[in-house]
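Enquirer: The task is to assemble the complex, starting from two chains supplied on their own in separate frames and drawing on the hints.
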Amino acid sequence: MLFRSNNSILWLLKFRISKFNILKTEATTEPILICGNEAIGEAAIQAGCLAYFGYPITPQNELTAYMAARMPEEGRVFIQSESELAAINMVFGASALGVRAMTSSSSPGISLKQEGISYLAGCELPAVIVNISRGGPGLGNIGPAQSDYFQATRGGGHGDYRTPVLAGASVQELADVTFLAFDLADRYRTPVLILGDGILGQMMEPVKFIHPEPVDLEPKDWILGGAKGRPPRVVKSLFLGTGALDAHNRKLQERYRIIREKEVRCEAYMTDDAELIMVAYGITARLCREVVRNLRRDGHKVGLFRPITLWPFPSLKIAELCRTAKRFLSVEMSYGQMVDDVRLAVNGKLPVEFFGNGGGEILTVGEIEEYTRELISS
Amino acid sequence: MKDSTIYQRPESLQDVPTHYCPGCGHGTAHRLIAEVIDELGIRERTVGIAPVGCAVLAYDYFNFDVTEAAHGRPPAVATGMKRVRPELIIFTYQGDGDLAAIGIAETIHAANRGEKITVIFVNNGIYGMTGGQMAPTTLIDQKTATSPLGRSFQNEGPPLKVCEMLAPLDGTAYIARGALNKPANILKAREYIKQAFLNQIEGRRFSLVELLSACPTYWHLTPGDSMKKITEEVIPNFPLGVIKDER
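Here the protein sequences line up with chains A and B, keeping their order.
Under the working numbering, the first sequence has 56 at position 56, and the numbering climbs by one with no breaks.
Each number in the working numbering comes from the position in the second sequence (counting from 1) with 1000 added on.
Hints were generated in silico from the structure; no laboratory data involved.
Computed from a predicted model, the values in this text were never measured in an experiment.
Note that CB positions come from ideal geometry on N, CA and C, so glycine has one too.
There's no promise every hint is true.
To be verified - Derived coverage of chain B by chain A (criterion: at least 3 residues anywhere in the stretch with Cβ under 8 Å from a Cβ of chain A; other residues may be distant):
#	stretch
1	1039–1046
2	1084–1097
3	1156–1163
Isolated chain B (complex conformation) (with noise of 0.2 Å):
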């Protein structure tokens, strides 16, 4: 008989329910992750980086070794890894709090050193994890827990385009974003990061995939104009495709 099965469960993701909200970005992150990895198989020389965030979790859902990193720190963790052992595969998996706000130094600086590392970037624009306050990705006006009547140019400044803020850097060979709010744009998505991976095994330098996500518990929204609002507000602010890509 021959075999049907069009989608199934990829070999990278535990065979577990999340605990992510629904509309959550993270579990369709995690898949497209857990995809490319089958995809590339590299699942068994592969080593996982979780933020602090709700994606913290996330090492109980990837079916490959994950370590735990503190706020921020997940490039200083990934160098000290990549160096000793360069043969491993060695990604980040962080939330805009965690990668723009407090690790934005190290973010900065391996991507500088050209640290040959893959960073999944998951821009939501607002802390989860603890309770919705506002990210460095915050977009202007939009009210948050500690931006309650909006965030303002004036008082917090514009949302921060990483991206475009790394693409100069000479460390850097691939930079791209991509969302996760409709098919289309999934699957593009999906491309960016396989070739941000297969930078890492090519033996490429510093490759970025940030990933437009929605949190439609925070932005009090239902997920359905949740995925609207990224069309209409989030793109428009953080462009989507291929910012840089050195091959």
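So here's chain A without its partners, still in its complex pose (with noise of 0.2 Å):
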């Protein structure tokens, strides 16, 4: 299998898929191989997005191209727009019409976008925002990096407020948790973030666009588009009289507050009598996984916890695995962020170590497995 993205295949790929339309909005049966940005655009596809807005930024220009040439052909939006922050707020105009818009972008580009899905969030809007995330800071490199985790899990813009964070581990997850992403920004009627890498986002591997049982969502009954018959509609984040700003953030807090309590998603693989329990999210959970089975094979008692959503983080699950770890480790391509969270979760009970890196490289199997094995032994 290649899973490195080779030109020559993506664009016979893509030849196939214009030519003869192999690609149709229902969900198919077969896989196919496609990489791990265009699964996220077919995904969002399928999943009903009417509007895609972006600016070109590597490692994600692949979602940008693949829209570019299916959304006309669905006869929907796509433009390609000045900048990031032009990108956020078109699909802030989309999205107070009520049509499900999305954009994508690199870390750099997320950042410009912060200053909208601020907006988005005070506004409730819901939109899918794409970060296939590189090294940083600055310009840093067009490398896979996991140095976004603080940005997408906090919030990222100004203001007292939180997105739900997708992280999938393999393309066939991307697309999954894409349609998800769709469910829950409308449902909650937040701006919803997908955060992959720039290995997930470029890499290829058999896809099945797999539709979600349909969920009943509440009609939008804030939408403008012409006060006809009705009195007429403001979307707004402004709130000036004495006691209005806080009315509305406990509101958004109390939607937060279920967020966390029915939308956490997370994998656990051989934790039950596990004493080190690996703690990692993305492609890193895939090479994780790898040291995990290496160390099993020797009987080393090591299992790996895996969060899918990263805000809401699944800080209940890991509180309950501190009953029968004795320690956890997460890996991360940074230099530690998501680890903040799993101490919080572990809240002092036990020993949380770190690994991880931040050149925009992705970390080996081999030098996370050489680490385990020196904090098992030591």
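Expert: Spelled out as structure tokens, the structure:
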């Protein structure tokens, strides 16, 4: 299987897509070989995304190019905006009219979108924002990284808000969480982030587009679109009256409480008897899974806990694991961000170790395994 | 009995007092837009986009759907709206800071893409909401909170002429500049606004009307002297008229 993006294969696939229209907007029964960026795009289309606005930045360009080709085919809206600022505000406009809309970018571009994400949150507008993250800070490099965890899970922009953050660990799962992202956005009237990285975005794997069970979504009785036979509506995040903003924020906080209660998603792998539990998300979790298998073969009781929702973070599940585990190891392509959430969940009951890097380069199974073996023997 | 009403509140304006200062142009601009929307019969399919600035509360005064937008971003928000619901009438209402400073990129690119939207650009040469700072359209030698010695050509550059900058773009269909300082000019401005909305109804591309407006509070003048200043100082810098009409 060819995991690294190979341009000729990619373009062949694209050619086949547009020439023979293999990908229709119904669920495919046969898996197709596609890269992560394109899988998100196709899943978004199948999830009913009617408008996509994007601006070029590596390593998410395949997604923008995919939408440029596919959205017009479906009679939907694609615009290459003049900036990430414009793109997120185009999403704002489309969303205020009740349309499912998406934008995507990579780390520096996501920083630019934060203003718009804060407004979307304040105005209670659904939207899906994809971050195929790369190394930072600043321009960093175009390699894969997980150093946007803080930004993604703490709101990112100004103000007291959170956004659900979904992290897949495979191309298939990127497609799956894309469907989920649109539903969560509509259900809770909130921007939702999909957090991938340069490897997941560019590697190719077989994908089936599995439409989730239809969920009961409230009718959008707040959308703008002409005050015909009804009083005019306003979309806003400005609350000037005494107590008005506090009341608005309390409403948002109550919604976040419900999201925390109902929308946590995670995966546990061989954690039942594990003394050391590795915690990792995204592509890093794939590597750690292999490390767990290798160490288990040598009789070490190691497991893997993988958050799929980074916010809401599966804190209660980790707290439960404290009853059986002896320590945790957070592995990230950063110099320690998610580890803070692990520590908060563990709440001082057990030691929490950290292993990571920060160069916009993927960790290797070998180096994670070496560190973990040293930890076990220490 | 014959109905003798010759002046009344347009349906598109809510029956509420505004927060605008005496002599401010926003009230007049709101009314002109509301009259035009009534006249064209488009109130029930219009969505307005309010700026950040003194007119941020426009949604409390207009009697149709209105959204807020981040500072400078209304043309991008309008683009998202118009592209997904082309049958709606989408207009932005923006001040000089919003449109010509922080949002100049969104303005130029929406214009250049030929977005079929209407932009009402209220130019009073100052940031009113934040306390009278220099705007991109502040005149040379005009004193503001952030140009206390007066705007200088050397240091701040000349006032930005938005209409003249946008008119050469092939994406723009209609560019006009009016003034809200006296009845004759106000009636002329109303014609421009009407044409800018008509263009959108008829599917023409980007239309923008600039309205020269007063900010007596931060010009530190009486409303009367402010109107005189528009005639004597502002209009010579920003000539009135239809600058581009592609019909």
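Enquirer: With reference to the structure, classify each hint as holding or not holding.
Expert: Now for the hints, and whether the structure bears them out:
Counting residues of the stretch 1039–1046 of chain B whose CB lies closer than 8 Å to any CB of chain A gives 4, so the stated coverage by that chain holds, three being the minimum. Only when three residues or more bring their CB closer than 8 Å to a CB of chain A does the claim for the stretch 1084–1097 of chain B stand; here the count is 3, and the claim holds. Three residues within the 8 Å Cβ limit are the bar, and the stretch 1156–1163 of chain B against chain A gives 0, so the coverage statement is violated.
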